[in-house]
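Visitor: Here is what each chain is made of, one letter per residue.
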Amino acid sequence: METERTVQELVLPMGANVGQFESRLNFHRKLAAIVLLVFAVSFFLPFFFARENRISAEIPGRISALALLPTLLLLLPPTMILLYALMRNSRRSEWLLSFAGALGLLAPLAVLAYVGPQVVSTLGPFARYSPGSGMYLYVTAVAIVYLMKARIRIGDYIGLAVALAVVLALGYQGSFDRLGILLEARNFGTRLSREITAHIRITGISIGISVLVGIPLALVTFQSRRMRKLVFPLLNVLQTIPGIALFGLLIAPLAALSQAFPQLREWGIKGIGNTPAIIALSMYAIYPIIRYSFTAISSIDASVVLAAQGMGMSSGQVWRIVRLPLATPGILHGVRVALVQTIGNATLAKLIGGDGLGVLVFEGLGQASVDMVLLGMLLIIALTVAADRIFQILITVLTPVSLRREGV
Amino acid sequence: MTTGPVRPTLEETPSFLKAEHISVRYGETVALNDVTLHIPTNRVTVLIGPSGCGKSTTLRCINALVKTSSGHIDYGDASIQAMSETDLRRNMGYAIQSVGLMPHMTVEENVDLVPRLLGWKRAERAERVSRLLKLVRLDPQVYRNKYPHELSGGEAQRVGVARALGADPPVLLMDEPFGAVDPLTREQLQDEFIRIQRQLKKTVVFVTHDIDEAVRLADYLIIMKDGMIVQADTPEQILAAPANEFVERFLGPDRSLKRLSLFTADHCCLERVVSGTGKPSETQLPKGSNRCYWQVDADGKPIMGYTWIHNRIIERPITSSTHTVQPYSSMKECMSAILGLGMPATAVVDDDGRLYGEVRFETIQTISLS
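Protein chains in written order, with numbering that gives the first Met the number 0: chain U, 0 to 407; chain Z, 0 to 369.
Please keep in mind that the hints were generated in silico from the structure rather than gathered at the bench. Keep in mind that the hints are not guaranteed to be accurate.
A few chain Z residues that face chain U, going by a derived Cβ cut-off under 10 angstroms, partial list only [claimed, not checked]:
(1) R59
(2) L64
(3) T85
(4) L87
(5) M91
(6) Y93
(7) Q96
(8) V98
(9) P102
(10) M104
(11) Y146
(12) P147
(13) R162
Covered stretches of chain U (chain Z as the covering partner; in silico rule of three or more C-beta atoms under 8 angstroms from a C-beta of chain Z) [as the list claims (entries may be wrong)]:
(14) 296-308
(15) 320-326
We put the CB at the ideal spot given by N, CA and C, even for glycine.
Excised from the complex, chain U in its bound form (with noise of 0.2 angstroms):
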């Protein structure tokens, strides 16, 4: 760590302070340390790929081959942040921390939108480009800026709604036209979209079923022995097998069901397609939730559950009274895991002909086209990301006030 010895000899003399400010501040600038080494290794990887056409070979593009301006920008937010770590802490550095990660997020779709240009007139009318890992560990770099802030500021919010209304200004202007992600998706159309709601509702009814069956299942599994002798290990061993496995290994079963009552096959139910698809995710969704649910139970303060009964609560009243409502919190944990399993999971219903973003990824696959897997990525993690916080809200409304201190 060159930069940190430099760094530390430079502002703080050996022994100087040993205070608890002195040592955050300490540990402030070995996190600068670190983003600046970030910053420079990015420097050194490819920037952007560009391609001629959809398959042909990738062309790395590097920093060194952009003109002076983008590459100024680029090193502004760093040379803030060796700035932020010769200064004392104060508020004026706090500031810079904001300046860097606003810039930091400019910079590379300032970059993007001078590349493009760039792209076409060099390789022609056909020609893409791409992010490369270069600019994904910038990017890296300006996440953990934001992450060394004591805490995000209105002028955070204020830099990342400017960096978002550049991106959008430059959209619609046509400067990221030639971004393969987003040729793919213009390919795509309406299409797009469907395959978004598609995924959506497989992933939606596969909950709901797990859901329905998962937690009654967990109530009477805590209720009696014999049944957790049997519902666990039989999860277990669920859960053991692969993914494409269970949902090749519905095809048969669901295809001679199929076969034998063909007014199934009316209501979707087939051998391949959605419905098998939709099955086997509400199996694997089914064991965290199942999961979640018993030990959230069984969790419960015995001595809460004596005083209740002890005070004449029927079995019935327990259960709604006490043994509920303090178990939502741990049941609705186990339906998030569950969620953001199943989000993911769904690409794979492809496989066995049914509809999701995963028809992005594997058709992406088939025809080498890594900015065609990338988009239905890239949608499949906003999915769980959105998914994942709109549940978090849910989890903090349904939890008991008092309870909402432990943390969700």
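With chain U's structure known, arrange chain Z on it following the hints.
Guide: Positioned in the frame of chain U, the structure of chain Z alone reads:
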């Protein structure tokens, strides 16, 4: 060693809660073995014994949390086996060591639980909660809307007791209710309990493993071992005449002192005093080395004690509040004051600190032998 079911004394007190020959078996293990127990009405019955002696099991049999394998428990005219469990339990307050307050409910909602289960009217319930919180010395304004995690251990126990008293049940079952708090808080809670019990006169069954607590609170003390009753009597009787070696060991080597803690000064040994505002002359000083002369100040507060020891007049200044006792001090405290002062007696003062009487070592000795 003589064990087996012991018919309780206190025969003059009626009992509407009677356990007749109850046993509890879990497979091979016998938790309770043929226990017969008549709980005296409006008194405090304390069950005590080492861990696993069956005291908590006995308590849980009474509110049917544990089913008896044989024998029966009668509540009034009916056997509890014939009653609905929930009705039975709603008629018996239940307080436990870990309190078991509902963590998702406020203090008010916790105290209100049984009245709500019984379907009392809303206004009546709110009124009841306020009264109960005041009874356990918690300000309703302050505590009503607090959550259990915002309470100290002692406060939580108080809420637990208030909750047990929720629907004004005739019977109160308490399973080491003060077990989980520090000694100082525990003593305060015991004081509060004694005060509340004098006021409410519930039929209380109290389980503890703390012999001092038991002696302090019990009207009727039941010592258990290995699922059987070893001795059941008033604490005075048990301390005076332990049934066997086990009880004797369980009571501890200081049982004579413990017994003294059951008698108060004004109950049995307060005596008239010789006093004056000046130093006593030889004739003023009572004869014999068992009595004292107390010199008092203008307010009537004792400042110096005089007595004969080996034909010489000994004087001792009264400098600390531990040198004197009050009429309601226990005889144990009197002993302590006598030893602290180094005199054959100690001065008894009233609430304002004025000389009121004296307690002599000799008298205490006589009583502890009785």
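Visitor: Hint by hint, note whether the structure agrees.
Guide: Here is what the structure says about each hint:
1. R59: holds, 8 angstroms
2. L64: Since the shortest Cβ distance to chain U is 6 angstroms, the answer is holds.
3. T85: holds, 4 angstroms
4. L87: holds, 7 angstroms
5. M91: Since the shortest Cβ distance to chain U is 8 angstroms, the answer is holds.
6. Y93: holds, 4 angstroms
7. Q96: holds, 8 angstroms
8. V98: holds, 7 angstroms
9. P102: At about 6 angstroms, which falls below the 10 angstroms cut-off, the nearest Cβ of chain U leaves the hint on P102 (chain Z) intact, so it holds.
10. M104: Since the shortest Cβ distance to chain U is 8 angstroms, the answer is holds.
11. Y146: Holds: closest Cβ of chain U sits about 4 angstroms from Y146 (chain Z), inside 10 angstroms.
12. P147: With Cβ-Cβ at 7 angstroms, under 10 angstroms, it holds.
13. R162: holds, 8 angstroms
14. 296-308: holds (count 8)
15. 320-326: Result for this restraint: holds, n = 4.
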